[in-house]
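Spelled out, the chains give:
2 protein chains.
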Amino acid sequence: MNYDLNICLLSADEQQRRIERLRLDSPALICDNANLFYLTGRVFCGYLFLQPGEAPQYFVKRPSELKGDNITLIRKPEDIGLTCPALGLELGSLAYAQAMRLQAAFGATELIDISGNIMRSRSVKTLLEQQLLREDGIRHAGVYARIPGLFREGMTDIELQAEIERIDRLHGCLGQFRVNGTDMEIHMGNVITGLNADTPSPYDFAMGGAGLSPSLPVGASGEEIKPGQAVMVDMNGNFNGYMTDMTRTYACGTLPEKAVKAHQCSIDICHELASRGKPGADCKQLYETALNIAREAGFADCFMGHKYHAGFVGHGVGIQINELPVLAPRSKMVLTEGNVIAIEPKFVIEGVGAVGIENTYICTADGLECITNAPEELIQLL
Amino acid sequence: MNYDLNICLLSADEQQRRIERLRLDSPALICDNANLFYLTGRVFCGYLFLQPGEAPQYFVKRPSELKGDNITLIRKPEDIGLTCPALGLELGSLAYAQAMRLQAAFGATELIDISGNIMRSRSVKTLLEQQLLREDGIRHAGVYARIPGLFREGMTDIELQAEIERIDRLHGCLGQFRVNGTDMEIHMGNVITGLNADTPSPYDFAMGGAGLSPSLPVGASGEEIKPGQAVMVDMNGNFNGYMTDMTRTYACGTLPEKAVKAHQCSIDICHELASRGKPGADCKQLYETALNIAREAGFADCFMGHKYHAGFVGHGVGIQINELPVLAPRSKMVLTEGNVIAIEPKFVIEGVGAVGIENTYICTADGLECITNAPEELIQLL
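Line by line, the protein sequences are chains D and A.
Numbers 11 to 392, taken from my numbering, label the letters of the first sequence in order.
Numbers 11 to 392, taken from my numbering, label the letters of the second sequence in order.
One chain only, chain D, in its complex shape:
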């Protein structure tokens, strides 16, 4: 059993690099698990206190066994015992009641929202983070290589998904699908086929699906995978706390020509965006390029959905699945060296299902480096 009790699992340099990128002007308390993991390399129950120019301080509720400098064990936030007139908090994710309690505990007269600082910082991955994502991509592709062997005639979407989940977990996938915000919910990813690809979902994922229950209305719905249908697989790539995002499409029998061509259009879009993506590239223009290619191929009506259209073609990934930047019509972002983005031009073909691919890319000085390397063409199941 590997259980390192150090409060910070990052090297001092690596931690300092990440903290500096936050560009904090005032003291700040980090509460969110995703951000604690980003800034310390681990999740613990407690808080990280950052003050410009000072060493990080840790206020730990659990586990009490954690070791390192500047650790104070506390039972409740009122035990922290610090006073800050202006306190930075993750107001985009922290619950209102907890923010009020922390404001009182710190005697703060002003709360400053540092959610944007953290999301911007996290959108530019350090070399270590890029390496973790590359490792994820290799393991993720290894799982996908097993998928054709898992299919049996007459299977439902959820039966196939259960087999993929098992292989994913046996390859070391943590299972957890971390999302930013409370609106998005999903379990391990999305396997979608046939008419279910046309079912609208409340969630802002690229593809919808009815799901198995109105309590989690997304993804596989128990639909049988029939000859002539496409099966789109967009499953969890979280093997180390970072997530790659990857989609491949499988053909059950012979697909209609429209589906085959739309799938090729998705590959073409990925390749075109991958060749245009580099530091300084405009995220809005990348989206428009994708839409133009779809339009020229005659697939504008089913681009990113048929009945319902998702409003983006790509998004940052990292500790969470929905990070910055976003490739969308009104995006004002440009690509930066160190961004890691998933590009997922997908098409819904009525009655057939969804087709297309998704890859994750690191934005390097030389352009986009694909880290989810696996065959992109339609893969035959039957």
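No lab work stands behind these hints, which were simulated from the structure alone.
Be aware that one or more of the hints could be misleading.
One copy or two, either will do: identical chains are not told apart, so a pair holds if it fits within one copy or between any two.
Below are the SDA-like pairs computed for lysine to any residue, each with C-alpha atoms no more than 25 Å apart in a straight line [to be verified]:
| # | residue 1 | residue 2 |
| --- | --- | --- |
| 1 | K294 | P95 |
| 2 | K342 | P87 |
| 3 | K317 | T136 |
| 4 | K317 | M194 |
| 5 | K71 | N302 |
| 6 | K288 | C380 |
| 7 | K86 | A107 |
| 8 | K71 | G238 |
| 9 | K342 | G63 |
| 10 | K71 | G102 |
Position chain A relative to chain D; hints supplied.
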């Protein structure tokens, strides 16, 4: 594909019953997915607006196809167009920034925290909710019956967990493990063996475990299941949006006498608490009864942990895994007819693992009704 487009999947009576139990004094906007599911029977992207004495109003962002009375399609909360001097919000879970935005959108001068109203209401299950939980319990027990057949000599904890997850999913488990609050994270549940049972976790679950990564430090850690070790299985019972909670312990080879006796002590505690539990029973006294039985059997030192001790022996379950009431030393709650609670007296035996059981019970007028019915004794794996 079953896809009901009605905005409310509850009967009008059932919905009214739940809304009345909230005992709202002022208008309130429901944002949280768990609470939307509770009050409408479905998750959608948008808001439910409740005003004492008036019909519920729905402000829907997605899916736009939803049908029913009093639905307004919106793009953003500012489109709601209502004014409320005092607005009830789920301030215990709603992000600070979102609460501020809603306050401005409603021109509210006062925000009222309705989180407590909802948690109290949800803690008393309606007859329909009880029936859904009973169905869960039957399906949950069906999955557990398959576990001995999944074990192979030399397996690790995570390999066994992956096989259980597969069976759980093939039996219709949704996978999702809904928790109240942002501090608790887990994937599908906890399979724990050997020394890993002694590893402290940041999360407030009954048992810890190192997990596979410091980004999700709970549960199975890749430990090989060896003869002489106990394997505690506490896996997901969410088949319909409601969750039963159930633990059984499996013996790999012959366990030391202390482990066998401690396991029997857990069964004894469950039976004793099940016979004392009824409407009006004091939750603190139920905890003390459990601790006393453990103490008399000589197991106080390993009750609810060995190095680290969880501070409760039972908790409400329902849409989320950590509901009210709580059976804990300082609990001020009494059992009410309609409460659904999990009782989980567990013991950590050094080097062996964790032993004990967990059942879910409905508090009826006649006492506690066990809804996770399956053999409770140690189950032999090898």
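Hints versus structure:
1. K294 - P95: Neither. Shortest intra-copy (39 Å) and inter-copy (40 Å) distances fail the 25 Å Cα cut-off.
2. K342 - P87: Between copies only: 22 Å across, 38 Å inside.
3. K317 - T136: So K317 and T136 fail the 25 Å test inside a copy (39 Å) and across (37 Å) alike.
4. K317 - M194: The answer is within: 20 Å in one copy meets 25 Å, while 36 Å across copies does not.
5. K71 - N302: For K71 and N302, neither the intra-copy (53 Å) nor the inter-copy (27 Å) Cα distance is at most 25 Å.
6. K288 - C380: within (12 Å within a copy, 60 Å between copies)
7. K86 - A107: both (14 Å within a copy, 23 Å between copies)
8. K71 - G238: neither (55 Å within a copy, 33 Å between copies)
9. K342 - G63: For K342 and G63, neither the intra-copy (32 Å) nor the inter-copy (45 Å) Cα distance is at most 25 Å.
10. K71 - G102: Both, since 23 Å and 20 Å are each at most 25 Å.
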